[in-house]
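Protein chains: 2
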Amino acid sequence: MNEEDKTISELGEFGLIRHLTQDIRLKNPGTLKGVGDDAAVLDYTGKLVVVTSDMLLEGIHFNLMYTPMKHLGYKAVVSNISDLYAMNAIPKQIIVSLAFSKKLTLKQIENLYAGIKLACDNFNVDLAGGDTSTSLTGMAISITALGEGEKERLVYRSGAKKNDLICVTGDLGAAYLGLQLLEREKKIFLENPEIEPQLEGYDYVLQRQLKPEPRADIIEFFRENNVSPSAMIDISDGLSSEILHICNESKTGCKLFAEHIPVNQEAENLAAEFNITPIVAALNGGEDYELLFTISPGEFVKIKDNKNIKTIGHITDRENGHHLITSDGTFIPLQAQGWDTFENITDK
Amino acid sequence: MNEEDKTISELGEFGLIRHLTQDIRLKNPGTLKGVGDDAAVLDYTGKLVVVTSDMLLEGIHFNLMYTPMKHLGYKAVVSNISDLYAMNAIPKQIIVSLAFSKKLTLKQIENLYAGIKLACDNFNVDLAGGDTSTSLTGMAISITALGEGEKERLVYRSGAKKNDLICVTGDLGAAYLGLQLLEREKKIFLENPEIEPQLEGYDYVLQRQLKPEPRADIIEFFRENNVSPSAMIDISDGLSSEILHICNESKTGCKLFAEHIPVNQEAENLAAEFNITPIVAALNGGEDYELLFTISPGEFVKIKDNKNIKTIGHITDRENGHHLITSDGTFIPLQAQGWDTFENITDK
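Protein sequences appear in the order of chains Y and U.
Mapping of the first sequence onto my numbering: position 342 corresponds to residue 838, and the numbering continues sequentially without gaps.
Mapping of the second sequence onto my numbering: position 127 corresponds to residue 623, and the numbering continues sequentially without gaps.
No wet-lab data here; the hints were simulated from the structure.
Treat the hints with caution; some may be incorrect.
[Stated by the list, open to error] DEER-style ranges, computed between Cβ atoms:
id, chain 1, residue 1, chain 2, residue 2, range
1, Y, Glu692, U, Asn744, 46 to 56 Å
2, U, Leu522, Y, Pro829, 33 to 43 Å
3, Y, Leu632, U, Ile828, 55 to 65 Å
Glycine included, each C-beta is placed from N, C-alpha and C at the ideal position.
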């Protein structure tokens with residue numbers, strides 16, 4: 497019997513791990529021991545270890561009805577890689593813990609791993625360990641990513657100074673709008689399964705939601721051009737929440753200018769369909785995995801020609817508060833709405 | 497309003513993380529940045545990084561009906577610490593990802609964190625990061641543990657050689673029997689809630705199940721006495737499964753002698769109540785978090801006086817197979833039964 501023809505129960509836990517990891521080739525010389533022992537062994541000689549972890553749960557962070565397994569695996573990895581880039585670190589290894597319900601087939605789990613491995617290949621990262629088990633209910637994926645940092649190059653949330661420029665990469669809000677589109681089509685499908693999903697013409701927003709790409713190019717650009725951001729964070733919970741994190745950690749205020757916040761044209765069109773102000777999707781949407789950073793005004797000359805970076809505001813004294821300024825000069829206080837999975841909880 | 501009086505929804509995700517982590521003091525100088533940024537930053541100058549991760553799920557790995565939250569937090573940490581000890585590494589940091597359902601109160605989550613923090617204190621480990629979110633169903637805890645290793649001291653599963661002695665620490669099977677006891681009392685309680693649980697006289701087996709202690713003492717003993725195991729693994733899935741891991745990775749066979757396998761007296765008594773052969777609990781039970789290791793015969797003199805280490809067999813050529821030898825000389829082939837959470841899955 498070929499291994500591919502076996503069921504998960506026939507493979508067993510260790511057989512499944514072996515099956516999923518048999519073709520892994522380690523890429524980084526620092527990964528001394530990967531899958532197959534009690535722990536992975538990594539050599540970070542001369543570098544600092546930067547480590548982050550995220551857990552994704554079915555029904556909370558993803559919906560298997562419209563999330564292909566391969567995309568899910570890819571996104572679970574890149575959301576962690578994005579956190580390492582947000583420290584100005586270079587990703588090197590991931591450890592994957594996976595729990596899935598009985599209803600999944602081996603083929604589905606293979607597809608999930610195909611996405612995980614594709615992300616590892618695209619970002620030169622080693623899959624260095626992990627475990628799998630069953631879940632009584634939904635699926636859970638927990639990924640830990642490790643990367644190397646240099647003391648003088650690491651960028652924290654806490655380094656922003658008054659008058660620093662606030663910059664953002666790419667464009668914002670599209671991932672959130674992609675999610676709204678998928679939710680709408682899901683609802684229509686559930687009401688009438690004979691209606692085909694209307695997804696044509698929305699390639700960009702769907703790609704932003706289903707296959708986000710963290711900004712390896714920007715981290716490389718910083719290195720090549722000797723750019724030293726004073727503070728940095730990745731945008732997973734929406735611009736508003738993230739700039740408030742930087743300001744809170746840096747003990748500063750900020751001014752953002754609405755007209756400078758980059759929104760893609762396709763996202764704007766879709767926002768109009770949903771009666772959403774595009775800037776609100778950018779502020780509160782989340783999952784864009786772009787970088788938000790601050791730099792001293794003296795460094796502006798180094799970034800001004802990079803088309804993927806937009807300056808959207810500046811850092812102020814804390815007493816000035818945290819505001820979005822609209823094109824007609826109205827000051828709107830920023831609020832950390834973001835992706836709060838707790839919002840509906842009452843435990844009284 | 498005091499923070500303690502707030503509900504989880506009033507605190508929000510970031511408020512909850514702040515509340516749970518506000519009293520954390522970093523203990524290890526190598527933990528440069530802990531909770532509060534996109535990632536933790538660790539200095540492993542001169543050491544290798546050893547990293548492991550485990551996810552525990554409600555209903556699969558624990559049952560909240562008889563697992564106190566504080567114990568659950570403690571056990572989730574020490575099971576990972578045990579994996580680092582199994583590499584002969586020194587634990588330094590953990591990263592905790594947590595998902596819980598709406599029904600949990602803030603007090604319950606505080607208790608879980610109290611257990612996590614107690615384990616961190618007892619094993620001199622820093623809680624260096626993590627995330628929390630809600631779950632639609634049960635609770636999930638994923639912990640990544642990082643520790644430091646020295647190249648010439650790390651012990652893999654693959655180093656066992658023919659004629660090496662097979663040794664085990666402490667005693668085996670008690671954690672499994674503790675679980676059987678809790679399951680029996682749960683069943684009685686569900687049938688008749690007025691019957692009080694009968695747990696008196698079973699302190700040891702219950703402690704082994706609810707508050708296991710990984711063998712920091714043995715790792716220290718190895719260091720002080722310059723003991724170099726040739727292979728090592730921790731016993732989380734039962735002796736039988738673990739020795740087969742060592743033999744498979746080392747490409748050897750093994751002989752275990754049933755009468756030398758250490759079982760605690762209380763565990764033996766309870767096994768009799770359940771009509772379980774104590775040695776079967778030791779072989780297949782799991783969750784003992786003892787260390788199983790091999791050493792060359794020349795090193796025996798260094799360990800023979802340690803009362804916490806028992807020699808239970810030896811490594812043979814692969815062709816000789818993997819056997820348990822009973823006191824009457826019967827050879828029983830070892831099988832990897834262990835804790836296979838996949839055993840009931842069919843996805844055909």
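Query raised in the report: Is it true that Leu522(U) and Pro829(Y) lie within 33 to 43 Å of each other by Cβ?
Result: Given a distance of about 34 Å, which is inside 33 to 43 Å, the answer is holds.
Query raised in the report: CB of Glu692(Y) to CB of Asn744(U), is that within 46 to 56 Å?
Result: holds, 51 Å
Requested in this report: Starting from the hint 55 to 65 Å, judge whether the C-beta atoms of Leu632(Y) and Ile828(U) obey it.
Outcome: Hint violated: Cβ distance 34 Å, outside 55 to 65 Å.
The earlier numbered hint that this structure contradicts is number 3, and it is the only one.
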